[in-house]
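In the order they appear, the protein sequences are chains A and B.
Under the numbering used here, the residue at position 61 of the first sequence is numbered 61, and the numbers go up by one with no gaps.
Under the numbering used here, the residue at position 205 of the second sequence is numbered 205, and the numbers go up by one with no gaps.
Worth double-checking, as some hints may not be accurate.
[As the list claims (entries may be wrong)] Pair ranges (Cβ atoms, derived):
id	chain 1	residue 1	chain 2	residue 2	range
1	B	Asn57	A	Leu62	51 to 61 angstroms
2	B	Arg72	A	Gly222	10 to 20 angstroms
3	A	Leu66	B	Asn201	25 to 35 angstroms
4	B	Asn201	A	Gly222	13 to 23 angstroms
5	B	Lys193	A	Val244	28 to 38 angstroms
6	A	Gly222	B	Thr96	31 to 41 angstroms
7	A	Leu215	B	Ala118	32 to 42 angstroms
8	A	Val244	B	Leu132	56 to 66 angstroms
9	B	Ala13	A	Pro71	42 to 52 angstroms
10	B	Ala118	A	Asn95	30 to 40 angstroms
11	B	Glu157	A	Leu215	39 to 49 angstroms
[Said to hold, decoys possible] SDA-like mimics (lysine to any residue), calculated; alpha carbons at most 20 angstroms apart, straight line:
id	chain 1	residue 1	chain 2	residue 2
12	B	Lys193	A	Gly222
13	B	Lys193	A	Gly221
14	B	Lys184	B	Asp156
15	B	Lys193	A	Arg220
16	B	Lys193	A	Tyr219
17	B	Lys193	A	Leu228
18	B	Lys184	B	Gly153
19	B	Lys193	A	Asn218
20	B	Lys25	B	Thr15
21	B	Lys193	A	Ile225
22	B	Lys193	A	Arg229
23	A	Lys180	A	Leu192
24	B	Lys193	A	His226
[Unchecked claim] A few chain A residues that don't get close to chain B, going by computed Cβ distances all over 10 angstroms:
id	residue
25	Ile32
26	Leu62
27	Ala204
28	Leu207
29	Ser248
30	Ile265
Hints listed in this document are in silico derivations from the structure and should not be mistaken for laboratory results.
Quick reminder that beta carbons are idealized off the backbone N, C-alpha and C, glycines included.
Here is how the chains run, residue by residue.
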Amino acid sequence: MDHRDYEWQLVFFTFLTHMASGTFCVWGMAAILIPIPGPISNDSNALLFLTFVLILLIFGALAAGLHLGRPLRAIFSLTNLRSSWLSREAMLGSNFGLVVLVLLLRRAFGQEYSYLDEILIAVGILVSFALVYCISRLYMLRTVPAWNNPGTPGTFFVSTSLLGVIASTTIWQILIYSKKDQSLDIFMDRLLSVSGQLLIVLAATQLVILIFQILYLNYRGGAAIHSLRLLWSDLRGMFIGRVVTLISGISLLTFQSMLEINWPICVAAAGLILISEFLGRILFYGFYQQEGF
Amino acid sequence: MSKQYGFYIDTCACTGCKACQIACKEKNNLPVGVLWRRVVEIQGGEWLPRGDAWLTNVFTYFLSAACMHCERPICVEVCPTRAISQGVNGIVLIDTDRCIGCRYCEMSCPYGAPQFDADRGVMTKCDFCIDLIVEGKPPACVSACQMRVLHFGDIDELRDEYGKVDDIYPLPASTFTDPALVLKQHPDMHRSKEDTAGISNLEEI
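Sequences are here, hints too, so could you generate the full structure?
As structure tokens, this is what we get:
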């Protein structure tokens, strides 16, 4: 049967959920571990970050809802936690959204930043990790070799981290610019430098996982070979685009790390990696092929 | 221990007439695009030169496939709403009132059994004509088979009678879901690994 309908709703769902989880984790870890300068302290940036994460989650949930034949009955999806990873994903996604909403409401109503927030942030980070793991596990069906391999959780976690670092760095830059405080210039340079190095490592890891998956599918045989053929026939252009944008992003960032901060190069590199990750999601749904027919 | 119902298919005698497919569609009033039972056509072989002459070694066989009512059904395992369950006699059923149309069962089933009814927004699949079974009658596909290729019954009895072949090409390895299926192999099945062999009616099924 033909599966080349790309599953656009699921592409957007995973992309947005990964970005939301990654952004929350990066912001959350920074909020707990790293002292942030006064003008963009945890209190002032939390509202922007949490709103951004919540919007991503809402749009992600809408995209997932559009995938359903009967979206109004979506609540039933919580009823098979015992054996269905999709059910677990729905549960964890709801819990993650709830944690973000509570944190956001506390900030919005001017509650003082306290240990309770740090506990909630830690819980949120754990739940978002579990959510990304669940999303990857639900695709690891024993009847779909293109998905049922260690590369799937690997690529999902790396994708989450990449999108999280890009979104967080962008939000911090916006915050810093909006404050117009020259004392923050050093912080901004350091932030860009650390983010750039992280992105190089993560994007290179993504490339390694991609190569691993192709080798694995080639070794596995059966429906896996059919998936590879699809990748190199119907989806060739998209696959080449995915690899080229990823390598270009890494190259630009590496080149940038040898120079003074250059904004156009930073933005171009991040943009290329974003495009690559989006293409990666499309390919993920485009090249699956079950065993059988 | 309760019975596990399954199908027996004699692929040697199947002529690919698709009476089973039509009977199923008619009995269950299935919409366009939804086929609970499908007849897969497998073809292969080629024309070969022998001196000044040309010889052919082409082959064709047919496989009537529907839900295999597996003993380890992956659709039941993955369904987030418990809409799919394994009922009496091992028959796998969908409760369309609980189904949300997430199509996860469709992604996971290696037999393409659960199929999406776009008008109703739910998944549908072969229910073994459970209403007829209750009345002591055979499923519609079995009744319609003019070559008497299709049989049904307790899978243990079928295996005792016909052996245990259940994963010939193009079916997946039976280890994935333990299908309640017994097949009589067509003599050309061993040639299904040849480069020229393949499913010739992919668009239809």
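How the hints compare with the structure:
1. For asparagine 57 of chain B paired with leucine 62 of chain A, a C-beta distance near 56 angstroms keeps the hint of 51 to 61 angstroms intact.
2. At about 19 angstroms, the CB distance of arginine 72 of chain B to glycine 222 of chain A agrees with the hint of 10 to 20 angstroms.
3. The hinted window of 25 to 35 angstroms between leucine 66 of chain A and asparagine 201 of chain B holds, with their beta carbons roughly 32 angstroms apart.
4. For asparagine 201 of chain B paired with glycine 222 of chain A, a C-beta distance near 21 angstroms keeps the hint of 13 to 23 angstroms intact.
5. Checking the proposed 28 to 38 angstroms range against lysine 193 of chain B and valine 244 of chain A shows it holds: the Cβ atoms sit about 36 angstroms from each other.
6. A beta carbon spacing of about 33 angstroms between glycine 222 of chain A and threonine 96 of chain B agrees with the range 31 to 41 angstroms that was offered as a hint.
7. About 38 angstroms separates the C-beta atoms of leucine 215 of chain A and alanine 118 of chain B, a value consistent with the hinted range of 32 to 42 angstroms.
8. Distance hint check for valine 244 of chain A and leucine 132 of chain B: the Cβ-Cβ separation is about 58 angstroms, which falls inside the suggested range of 56 to 66 angstroms.
9. Distance hint for alanine 13 of chain B and proline 71 of chain A: a CB-CB separation of about 46 angstroms, consistent with the stated range 42 to 52 angstroms.
10. Between alanine 118 of chain B and asparagine 95 of chain A the CB atoms are about 32 angstroms apart, so this pair conforms to the stated range of 30 to 40 angstroms.
11. Taken as a hint, the range 39 to 49 angstroms holds for the pair glutamate 157 of chain B and leucine 215 of chain A, whose Cβ atoms sit roughly 46 angstroms apart.
12. Pair hint lysine 193 of chain B plus glycine 222 of chain A holds up; C-alpha atoms about 11 angstroms apart against a cutoff of 20 angstroms.
13. Distance restraint check for lysine 193 of chain B and glycine 221 of chain A: the Cα-Cα separation of roughly 13 angstroms lies within the 20 angstroms cut-off, and the hinted pair is therefore satisfied.
14. Proposed proximity of lysine 184 of chain B and aspartate 156 of chain B is supported: the alpha carbons are some 15 angstroms apart, at most 20 angstroms.
15. Proposed proximity of lysine 193 of chain B and arginine 220 of chain A is supported: the alpha carbons are some 16 angstroms apart, at most 20 angstroms.
16. For the hint pairing lysine 193 of chain B with tyrosine 219 of chain A, the CA-to-CA distance comes to about 18 angstroms; that is within 20 angstroms, so the pair holds.
17. At roughly 18 angstroms between alpha-carbon atoms, lysine 193 of chain B and leucine 228 of chain A fall within 20 angstroms of each other, so this suggested pair holds.
18. Only pairs whose Cα atoms come within 20 angstroms are accepted, and lysine 184 of chain B paired with glycine 153 of chain B is accepted, the gap being roughly 15 angstroms.
19. Annotation: proposed proximity of lysine 193 of chain B to asparagine 218 of chain A holds, straight-line Cα distance about 17 angstroms (limit 20 angstroms).
20. Proposed proximity of lysine 25 of chain B and threonine 15 of chain B is supported: the alpha carbons are some 19 angstroms apart, at most 20 angstroms.
21. As the CA atoms of lysine 193 of chain B and isoleucine 225 of chain A are separated by approximately 14 angstroms, the hinted pair is consistent with the 20 angstroms bound.
22. A C-alpha spacing of about 17 angstroms is found between lysine 193 of chain B and arginine 229 of chain A, which places the hinted pair at or below 20 angstroms, so the restraint holds.
23. For the proposed pair lysine 180 of chain A and leucine 192 of chain A, the alpha carbon gap of about 17 angstroms is at most 20 angstroms, so the pair holds.
24. Straight-line distance between C-alpha atoms of lysine 193 of chain B and histidine 226 of chain A comes to about 14 angstroms, which keeps the hinted pair within the 20 angstroms bound.
25. Listed as a non-interface residue, isoleucine 32 of chain A keeps its Cβ farther than 10 angstroms from every Cβ of chain B; the least gap is roughly 33 angstroms.
26. Distance check on leucine 62 of chain A: its Cβ is at least 15 angstroms (rounded) from any Cβ of chain B, clearing the 10 angstroms threshold; non-interface status holds.
27. No Cβ of chain B comes within 10 angstroms of the Cβ of alanine 204 of chain A; the nearest lies about 31 angstroms off, and the non-interface call holds.
28. Every beta carbon of chain B lies more than 10 angstroms from that of leucine 207 of chain A, the smallest distance being close to 27 angstroms; the non-interface claim holds.
29. The Cβ of serine 248 of chain A sits about 32 angstroms from the closest Cβ of chain B, beyond the 10 angstroms cut-off, so the non-interface label holds.
30. Separation of isoleucine 265 of chain A from chain B is adequate, the least Cβ-Cβ distance of about 40 angstroms exceeding the 10 angstroms criterion.
Hint violations for this structure: none, all hints satisfied.
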